[in-house]
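Novice: So the chains spell out like this:
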Amino acid sequence: MSDTLIPETGMSTSATMRRNFWLGVWRVMKRKPSRMAGVVIIVGFAFMGVFGPMFFPDHLPDNPNAITQPPSWAHWFGTDPQGRDVVALVITGSRYVLLSAAVTALITVVFGTSLGLFSGFKRGRWDTVLMRITDMKLTIPGLPLLLVLATVWKFGSPIQMGLVLGLLGWGGVARAVRAQTLSLRERGFIEAARGLGLSTKHIISKELLPSMAPYIAMNMLIAVTGAVYAQVGLFFLGVLPYESDNWGVMLNLAVFQAGAMITTNALGYLLAPLLAILLLTLGIVLVVDAMDEIFNPRLREE
Amino acid sequence: MMIIIRRLAGHLARGFVMILVVATISFFIINNIPGDPMAARYEKLIEGGMAPEAAAQAVKVLYGFQPTGTLWQQYSDFMGGLLHFDLGVSVSRPGTPVLDVLTEAAKWTVLPVLVGTLLSFLVGVVLGVYAAIKRTGKLGDALAISGSLLHGIPQYVLALLLVVIFATLIPILPADGPVDILFDPGFNAGYIGSLVEHAVLPVVTYALSAYGGWVLAMKSSVVTVLGDDFILAAELRGMKRSIVFRYIARNAILPLFTILALSLGLLLGGAVFIEKIFNYPGLGLLLIDSVNDRDYALMGGAFLLITASIIVANIVADLFYTVIDPRVRSGEDAT
Chain A
1 MSDTLIPETG MSTSATMRRN FWLGVWRVMK RKPSRMAGVV IIVGFAFMGV FGPMFFPDHL
61 PDNPNAITQP PSWAHWFGTD PQGRDVVALV ITGSRYVLLS AAVTALITVV FGTSLGLFSG
121 FKRGRWDTVL MRITDMKLTI PGLPLLLVLA TVWKFGSPIQ MGLVLGLLGW GGVARAVRAQ
181 TLSLRERGFI EAARGLGLST KHIISKELLP SMAPYIAMNM LIAVTGAVYA QVGLFFLGVL
241 PYESDNWGVM LNLAVFQAGA MITTNALGYL LAPLLAILLL TLGIVLVVDA MDEIFNPRLR
301 EE
Chain B
1 MMIIIRRLAG HLARGFVMIL VVATISFFII NNIPGDPMAA RYEKLIEGGM APEAAAQAVK
61 VLYGFQPTGT LWQQYSDFMG GLLHFDLGVS VSRPGTPVLD VLTEAAKWTV LPVLVGTLLS
121 FLVGVVLGVY AAIKRTGKLG DALAISGSLL HGIPQYVLAL LLVVIFATLI PILPADGPVD
181 ILFDPGFNAG YIGSLVEHAV LPVVTYALSA YGGWVLAMKS SVVTVLGDDF ILAAELRGMK
241 RSIVFRYIAR NAILPLFTIL ALSLGLLLGG AVFIEKIFNY PGLGLLLIDS VNDRDYALMG
301 GAFLLITASI IVANIVADLF YTVIDPRVRS GEDAT
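Just so you know, the protein sequences line up as chains A and B, in that order.
Using the numbering used here, the letters of the first sequence map in sequence onto residues 1 to 302.
Using the numbering used here, the letters of the second sequence map in sequence onto residues 1 to 335.
Be a bit skeptical, because a hint or two may be false.
[Unchecked claim] Cross-link-like lysine-lysine pairs, in silico, DSSO-like; alpha carbons within 27 Å at most:
| no. | chain 1 | residue 1 | chain 2 | residue 2 |
| --- | --- | --- | --- | --- |
| 1 | A | 30 | B | 134 |
| 2 | B | 107 | A | 32 |
| 3 | A | 30 | B | 138 |
Source of the hints: derived by calculation from the structure; they are not laboratory data.
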């Protein structure tokens with residue numbers, strides 16, 4: 001750290017460090033405009049999920065005069081078999097998808113991080129037991145398990161969906177955080193902190209967590225994408241009842257009812273949710289790419 | 001050698017526990033279905049004039065355990081059946097044992113997924129090396145981004161896009177089932193040709209969706225090896241580029257073989273979306289259909305088979321690593 005030259009109080013030292021960190025982030029972002037685009041896309045989706053559905057009535061009106069129309073100026077991606085505008089469907093459907101993804105992310109990160117930290121920091125018997133359980137969980141194939149669970153669970157609300165996906169998905173983050181903790185705890189600065197007699201709480205919250213934050217954030221984004229795909233996929237496969245409008249239901253209806261594979265009329269209906277997913281993926285990939293570089297100095301270009 | 005045997009024993013024990021856990025999940029799901037189809041069937045048989053004993057026996061054949069009796073009795077019945085590979089009888093295909101349905105479906109899953117995996121492995125590894133070496137240039141950037149994107153795009157999105165492009169907009173490839181029903185099954189040119197033609201899109205989808213993972217894995221593996229001291233030493237000694245390159249590739253590809261073994265385990269359960277979209281009668285489609293038909297014996301069996309294949313692949317991957325990496329062999333913990 002360059003700020004060791006200036007003897008100052010603890011508060012402002014950490015403030016300088018934080019500023020340096022954000023400067024680094026800014027520099028990484030600035031180097032490739034694509035990364036900025038990624039951030040813009042993600043923020044845009046967040047806005048769409050929060051505010052988008054406010055512009056539309058709770059139940060989009062059916063229009064028997066405009067059934068399964070191809071794209072036009074009035075309907076950019078055409079209409080569905082009930083005459084509803086596809087763009088409006090994508091926007092209103094985004095809330096379910098994004099809300100459940102947010103719930104999944106929260107559970108995955110809180111659960112995975114605390115488990116991984118505990119395991120990696122304590123080591124010993126608890127570590128072995130917890131990691132065995134994590135390994136077992138990781139072995140059970142996620143999608144088939146979800147399919148099986150779909151026979152007993154209806155996943156009516158996005159919160160429920162997020163909860164189940166989160167409880168199924170923390171294994172990867174736990175493993176990653178544990179590995180990171182194991183490697184960090186042998187580093188000089190942690191040893192120094194321990195030598196100074198600082199409490200475990202301080203070491204974990206002030207030394208370990210900040211240095212892992214980008215890593216955790218990266219894993220969280222990956223978990224979010226996984227959650228989005230899994231739930232859209234589940235609805236697409238048609239194993240869940242269509243209780244709400246969301247992208248997966250749209251895909252299912254487009255392919256298996258509107259016949260998007262046969263007639264080009266329904267193509268917009270199929271492509272709109274696909275494009276939404278692709279755009280979201282692109283945004284997340286670009287942001288993860290930026291985080292990768294912030295986190296991994298080896299990838300940094302000299 | 002002792003180490004290998006001890007590791008193998010540990011893995012087998014853990015695999016056994018895993019199978020137990022998954023079988024127990026299946027059991028409780030079958031046992032706790034709302035509406036209780038088992039009890040309903042039992043009542044119906046009795047109403048139909050069957051003696052309670054015979055009715056209970058008939059239900060047992062269907063679900064693997066008797067509808068009456070304590071939970072523990074039912075559980076041990078179910079598990080006892082599993083030990084004899086008795087997975088019950090499919091309800092949606094009356095009279096067919098679940099095991100037969102599964103083996104028939106596995107045929108349609110294994111071959112396309114295997115071809116797709118190996119194809120993407122070869123292409124991905126080669127391009128991954130380029131992505132790592134040229135990582136500061138335009139080509140490396142393009143490869144890395146294409147890898148991340150293809151890795152990030154969910155399989156069903158890829159499959160649907162391919163169908164839209166190659167089956168709907170430019171109809172040059174079929175996307176409806178595994179084979180044209182016009183041809184007689186057997187060893188004739190028409191049938192084989194139709195099989196291959198129908199397999200193109202599913203295989204390409206699978207290869208494309210797996211390709212990204214290989215590129216990224218190989219890239220990061222090569223980047224790590226590039227930073228190692230022995231590469232620097234080799235360069236300082238003035239070795240030829242091609243020889244240094246071989247050093248790099250040989251060391252970097254090791255961890256990928258482990259991933260390959262693991263992904264072969266995902267083979268049976270990895271094609272759910274592709275099979276649904278291309279109407280391919282493999283294990284994935286079987287699982288979906290059994291969920292939709294509420295054919296619980298079949299569902300439990302498919303789930304068990306898919307999990308078992310992953311467990312076996314895990315064991316193989318670890319043993320493979322033990323054999324190949326001397327550090328693990330000498331007893332150091334590599335996990």
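Novice: All hints, please: hold or fail.
Specialist: Status of the hints after comparison with the structure:
1. A:30 <-> B:134: At roughly 21 Å apart (the allowed maximum being 27 Å), residue 134 of chain B and residue 30 of chain A satisfy the hint.
2. B:107 <-> A:32: Violated - the C-alpha atoms of residue 32 of chain A and residue 107 of chain B are around 47 Å apart, more than 27 Å.
3. A:30 <-> B:138: 17 Å, holds
The structure fails hint 2 only (numbered hints given earlier).
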